[in-house]
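Each chain is listed here by its residues.
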Amino acid sequence: MSAPRSSSGYWMGFAIVLALLAAAPLVLPEFWRRFVTEILIWGLLAMSSDILIGYTGMISFGHSAFFGLGMYGAAAALLTVRPPNLWLALLYGLIGAGVIAAFVAYFATRLRDIYFAITTLVFSQIFYVIIFTWTEVTGGENGLTFRQPPFSVPAVLSVPFTPVTLHWFVLAVVALSYLLLRRITQSPFGMVLQSIRENEPRTRAIGYHVERYKIVAVMLSGLFAGLAGVLYAVQNKFAAPDFVFFLISGEVVIFNVMGGMGTLVGPVAGAAFFLLLREVFSRFFTEYYLIPVGVIFTLMVVFMPQGLLGFLRRRLNQ
Amino acid sequence: MAERWQDEEWAKDLWYSGKATRRKFLGLGAAAAGALGATLLVPPPWREAFGQAKPYKIGTLQPLSGAGAAGGKTALVGTQMAVDRINKAGGINGRPIELVIADYESKPDVGRRKAEKLAVEDKIDAHQGGFLSNVCLACMPVFEEHKIVNMIGVCLDTTITTSKCSRYTFRSFDYAPAQAVAFAPYLVGKMGKKWHIAFADYAWGQSTRDAYAEQIKKAGGEVVGTTGIPLGTADMTPFLSKISGAFDGFFGIFFGKDGVTIGNQAFDLGLTKKYRWAGDGAIAEATNLPALGNKIEGFVGINRYVPVLDPPLNTPHHKKFFDDAVARLKQIDPSGPLPDRYVQANFEAMNALKVGIQKSGFQGRADTPKLIAALEGLEMKEGDDFPQGDKTLRKDDHQAFLREFIFEIKDGKHRIVEVVPKEKTVFPPACKFA
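Just so you know, the sequences run in chain order A and B. Numbering-wise (the working numbering), the first sequence opens with residue 24 and increments by one. Numbering-wise (the working numbering), the second sequence opens with residue 13 and increments by one.
A hint or two may mislead.
Claimed, not checked - Distance condition first, Cα-Cα at most 20 Å in a straight line; then the derived PhoX-like pairs of lysine-lysine: (1) B:K206 <-> B:K285; (2) B:K69 <-> B:K382; (3) B:K176 <-> A:K260; (4) A:K260 <-> B:K159; (5) B:K436 <-> B:K230; (6) B:K382 <-> B:K407.
Said to hold, decoys possible - Chain A regions said to be covered by chain B (calculated; three or more residues, Cβ under 8 Å): (7) 52-58; (8) 155-161; (9) 165-175; (10) 302-312.
I should point out that these hints are in silico values taken from the structure, not numbers from a laboratory. Beta carbons are placed, not taken as given, at the ideal position from N, Cα and C, and that holds for glycine.
For reference, chain B alone in the conformation it holds in the complex:
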């Protein structure tokens, strides 16, 4: 027996012996290529069930690496849940969905390149996804150029369905102006007339601030001051310590880790005790609650989705969605986060696409005008496809209107305090299709 395992006879082909010959290199290369090829030859799981039925190729662009990776992976869970459910139920018009996933690294240039690849190489029939608004906006012209329906999953920027709207792009969830219309009467009527707004100082935060300022004024209230805080600021104290004066409520417009920072630091400075504390629901997203602890108690927010099984979300459809999402999220995050609006919006966006395909008899990209016609004005009914509730996809700007949940954080959990019907969230269209 040899002294070192590397000198054993059986290990000679595996262990680098000091000379890399061309034969060894080619051999190992061929073995690696063979292994890779073999994995590609394994048929996808839907192949057996659907026989030779040609699948609908649906592309999904997500930030699976880079700054937006955590959110992108969560969002993808929603899309995959919907695709698996559709395929399990027999596909659409007897054809399965083949999901083509592309990671755009949270960068707009990569996003645009991947959108091109999906369009010209993968030859997708439609696209469902998109997470970061700047990447969504950069990719929209690609879908327009190749005449592909683009059903957005997360991108919240207002301009996507207003000044930069596209005939090919649809948003099956809400946007800031609709949330402001829904929330302002509650803020002014039940919490106070005078407000100070602190916001993430970039495009989304600024446009959301403007929407709330307008609606609070319309509801009879007043915005006495605003404070912009740069995105990603770890220490917000210098900004927050300047906020003082005679007003009733302190309103925050932040998301992600900035939501955690504002929640913790506003509490530490006593702002949330001195003033009524409200804001965009993204501050108190389920994923943020553990990091906020009891400092977020009493926060009042608005969101299209809250992970509770209380009325009106105590339906069997929502329970089914909730349980499936919890199980899948646990696979990517062992801490077991509850589903958030990213999972919900992607799940429902894929289902909206499904309903549109069924309604229009869409067969492929050549039928895109038919699919657009079917999606324009689409009424989505609460059920297994749309567990969040009813929604309407407006024809004028391809923007959906849906019910909103005003919630309070109590004992570390969301508690719905008011449900705003979709009819009371409508904001006039501001889109002119080219």
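Just chain A, same shape as in the assembly:
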């Protein structure tokens, strides 16, 4: 009898969080309204990497490449197609990120542990250098700027985004992505990924083709990272090579560690916590804000190794 109760509790909690996030732009001041939307986008990126870090046990430093390629794919659609089309931007971005993810996955999944991490880092740096120096196409260091596409339903309506409607659109995409990823991680496929994380040789011995599962995991993760990239491009109307640089991947790993790996929601909470810390401290300490942020991160790693969500769960279970 406890399973249905905990399930209904979960869905009630989900609905409350969703309702709060939907209401946020109506009550928050202008800056924080935009900020919450941005947190959702970074949260989606962190969630996408959780498939690899938390569920499959593969630390990727290539997520910046998937995120950036999603962004540049969207930019390509918004700059070349007139009038700019939101769905085409999504399609181009997902194709860009998906193709790159397949390419990276094919080579990187042959390796394990630190070798996998380094290979993904190398790939992201290769894409960074290409984008940084191929100025004629990518805009080089300056990146690309473009107009925001309207929200459109073909032959029905086309309305420009306002900060509130854009927030709702982003929220809808992130919520659907979460539900989809949750379903995937709870499916037999997701169980195999967790089995790879726990004991790869044994998973192989049972008869699973581990490399194929890893390739699909990287591609899946890359696609959702690309989706986050498209949303960022639509919100901010620019794409820049800095987003392909491996430091972004490092920040994503920090989001996971802070929030709690292998939970999907944890990395979103981690992204929110980290971005809020950075924003608040930078207001008081200007360029020295990284010192308190670093101290807090270190303390969290020491005293909350399972992240914010793991800590909350433990407290609630007590």
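Please arrange chain B on chain A, whose structure you already have, making use of the hints.
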């Protein structure tokens, strides 16, 4: 007396005794918040002098951390020098300037977020700053959206006032096409007809290469080859060792530590002895000279600012600026660097904003169209506000034209060899405001 100081009576409240109670946590938290609050309550220094006069809130975005931190901190010195001088002299129209500083960590996403914060939370009246071109370009739409005048301080990318120009953005210093127009006749006429260009292989380096290639050709010379070197390359030898052949001059387009690398390694490979050695003034910026030593001797460059007190920079205005900048730079760098073009450009950009505000009677953001009208075509006269010299802010693209200094490095110092008047640096406008 206790054996350990932690066990002393007076230390009990300070030292962690093994149990963190809620009361202790709240007490310490309240004390910390109180201390922070108290610092915020201390009135800014201009408050006493100006009484209740409402300040002009001017935002400044700078990279105070991350890759661009060193340059950002130097640039901020120029802005603060100008603000302090303006406030000391009675402010603008009797109102002081309140400078709102934001660090964008050398990242465009943070830059954009901070620009939003300056616009909607701090409610700045205008912005003066910006260092990295990619961040300047990412933030320009924010200033446009909130109708805020954006007076750029350092960003050099050509497109800021050409293909990506904005009605709200102004650049009160030079750009690569103007420098190329000014320098090419000297390069071809006095140094040699055939040139090989080595450049930092990214947007700025590529656009500057194109500008010089065009102007050298126009001046009757020829660019026989170009070599792109990735930004931040520590060992440039593989690239430089391939440069050979029959040409007269070797031209470098680099800045920062890449300027030091090219200067040292081109010298070691004998390129600077075999060919005449010239380039963008950023290679021989005052901050780079100690690291270049005598290997940069004989280098000929162009810059809008050189830290010398020789004619025509032997004016009392420049002396005042120079001395103040040297004293302030020493506070952030004990080695005591001389002022560079970042300090100069920010100092003068803030003063350009001041002159525009005075001329237009600007009171706040609602008067932005008036301020834009006042800044378009603004003539800036050499003086305490503009120690570098006269300049004109062109209406068509909001790009300034100013005199340029062609210099040579001799005995480890800049020596001006030719001054190019601003009229001879003009490059046609290529901007269409949306």
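Tested hints:
{"no.": "1", "hint": "B:K206 <-> B:K285", "in the structure": "16 Å, holds"}
{"no.": "2", "hint": "B:K69 <-> B:K382", "in the structure": "17 Å, holds"}
{"no.": "3", "hint": "B:K176 <-> A:K260", "in the structure": "14 Å, holds"}
{"no.": "4", "hint": "A:K260 <-> B:K159", "in the structure": "17 Å, holds"}
{"no.": "5", "hint": "B:K436 <-> B:K230", "in the structure": "14 Å, holds"}
{"no.": "6", "hint": "B:K382 <-> B:K407", "in the structure": "14 Å, holds"}
{"no.": "7", "hint": "52-58", "in the structure": "holds (count 5)"}
{"no.": "8", "hint": "155-161", "in the structure": "holds (count 3)"}
{"no.": "9", "hint": "165-175", "in the structure": "holds (count 3)"}
{"no.": "10", "hint": "302-312", "in the structure": "holds (count 6)"}
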